[in-house]
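Colleague: Assemble the complex: chain X is given as a structure, and chain P must be docked to it using the hints.
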Amino acid sequence: MDRALRLTNAGRRYGFRGPWVIRNIDLHVTPATLVRVEGPNGSGKSTLLRLLARVDAPTEGRVSGRPRTAYVPERFPAALPFTSFDYLTHLGTIHGLTPPSARRAAGDWLDRFGASAHARTPMSQLSKGSSQKVAVAQALLAEPELLILDEAWTGLDTEARAELERAVAERTAAGAAVVFVDHDPRRLTGTTDAVYTVGDGTLHRRAAAGEGGGGGPSVGPEGPHTTIEVRGPAPLPPEAVGRATVTEGTADRTHRLTVPASHSDVVLRALLTARPPYHVVSVRPSDPEGPR
Amino acid sequence: MTALLRYQTALLLRSQRWLPPFLLYVVFLGIGVQGGQPLLDSLGWTAAVLLPTAAWLVRICVMGEPPAARTVVAAAAGPARAHLAAVLTALAAAVLLGTVATAVVVFISDPVGADHQRRVPVPEAGAAGFLAALTCALLGTAVGALTASPVLRSTGRAVPALLLGALLALVVSGSPAHAAVTGLVTGSRSATVGLPLLPLLPLAGAVLVTAAAVAAACALTSRRSP
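Read top to bottom, the protein sequences are chains X and P. Counting from 1, position 4 in the first sequence corresponds to residue 4 in the UniProt record's numbering; the numbering is continuous, with no gaps. Counting from 1, position 99 in the second sequence corresponds to residue 99 in the UniProt record's numbering; the numbering is continuous, with no gaps.
Looking at chain X on its own, in the form it has when it is part of the complex:
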């Protein structure tokens, strides 16, 4: 199955004679990349995301590739006759999990987003923020190959926002593609591989900060960072180096990595599961004026 999604000269309009919402879109969403889509309200961002999720077919042009896809809508009105846990279990099996692993994943993800207390709450009684957590958990629990987030951060509390950023970092580290739209221009800056702007009814590529860094995700210096100090052999694993903004050897067999905060877990995992594993000396938030 082709995991890379590709839009070729795709366009979409509603109705037989409706105006084109977007047109002449050529986009290749490669695995293990984080793609940001921006543009003013009503420019067709959501339409583009619906094409990428293959929920809508392009009116002209074509779309190819069938990655296992998960989609988080902008608003998730939860007028569904299920509890959060039952809904997530159903969605887990629809995403392809077996019923037992779907139940386990549902519990795990509700826990990660701090919504375990709402597991048995009927979805019609959830607050806006809690139902957005369910919408996000639904998308993450089956480890999709393509994750599409349409303003998924809106309505989440601060901790859940950070958790979603970490989850996005985990997905890209695991080889999945993530495409997102968010009104916060600083969202996941420094870890984004490509930025596209929807305007004039089509798509323009905007060069990402620090783009072109050999293969791995290009990183910029913006956003909150974490400093990790580890002891171990000299060539650090490429999964760790590729995500770090700054890597320096501080002493014999001791290294200091400055990584985007959302990627700290992914980098630590790479270091701790390396053979032989690295010893983690310290992990702390970087000084805002920190090493550049």
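Don't read these hints as lab results, they were simulated from the structure. A virtual CB, placed ideally from N, CA and C, is assigned to each residue, including glycine. No incorrect hints appear here.
Pairwise CB distance ranges, derived in the manner of DEER restraints:
1) X:Ala119 to P:Gln34: 46 to 52 Å
2) P:Val185 to X:Gln125: 50 to 56 Å
3) P:Met63 to X:Arg62: 28 to 34 Å
4) P:Val100 to X:Gln125: 30 to 36 Å
5) X:Ala119 to P:Arg224: 35 to 41 Å
6) X:Gly201 to P:Ser154: 24 to 30 Å
7) X:Glu60 to P:Gly174: 35 to 41 Å
8) P:Arg224 to X:Thr154: 23 to 29 Å
9) X:Val241 to P:Ala219: 45 to 51 Å
Covered stretches of chain X, as calculated for chain P (at least 3 residues, CB under 8 Å):
10) 46–60
11) 77–85
Modeller: Structure of chain P alone, referenced to chain X:
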């Protein structure tokens, strides 16, 4: 597909939206069927009123999900498969309803022809009644699929179209549902059951018509939205 069907079935049962069409069906049966009436006539009525009930069930299953929840499922499973699961759930509910109703009608009716004189063989009559109910459930599903989203999206047009479609499917000669119901009623007059060819031909027709209608609706889901 199993997961989708389980999800749609849970959605239908827990939402309790199945209750109005179910009650409508019971009321219709109460009007048209009474204990001790000729069996084949009652079976014909049971099958005929299942058609609008099935169409309504399809409408409920297809329109019942909030748009955001539908998009989430469509992204995971593909829009056509998600739509197909909703339609199949409604069809299964209609078939279940029709089967139970047919069994009850066989049990309470008098196994005689319309003249209350000549006997009608019960197993054959029951089988013919079941096949007619199946035919009507299928055709009702076709009507429901063609008069709900994504084919007709405004309720103001869809509901009259559903009622008209259900009526036409029952009265237009050449319609499989019409043929199946007429087969039972004329069989009652002559006190014979035309097994196996007579009820099977309309059923085959209904399968073809419904498969085409549902396939068209499923293919349209990703093209027309939201």
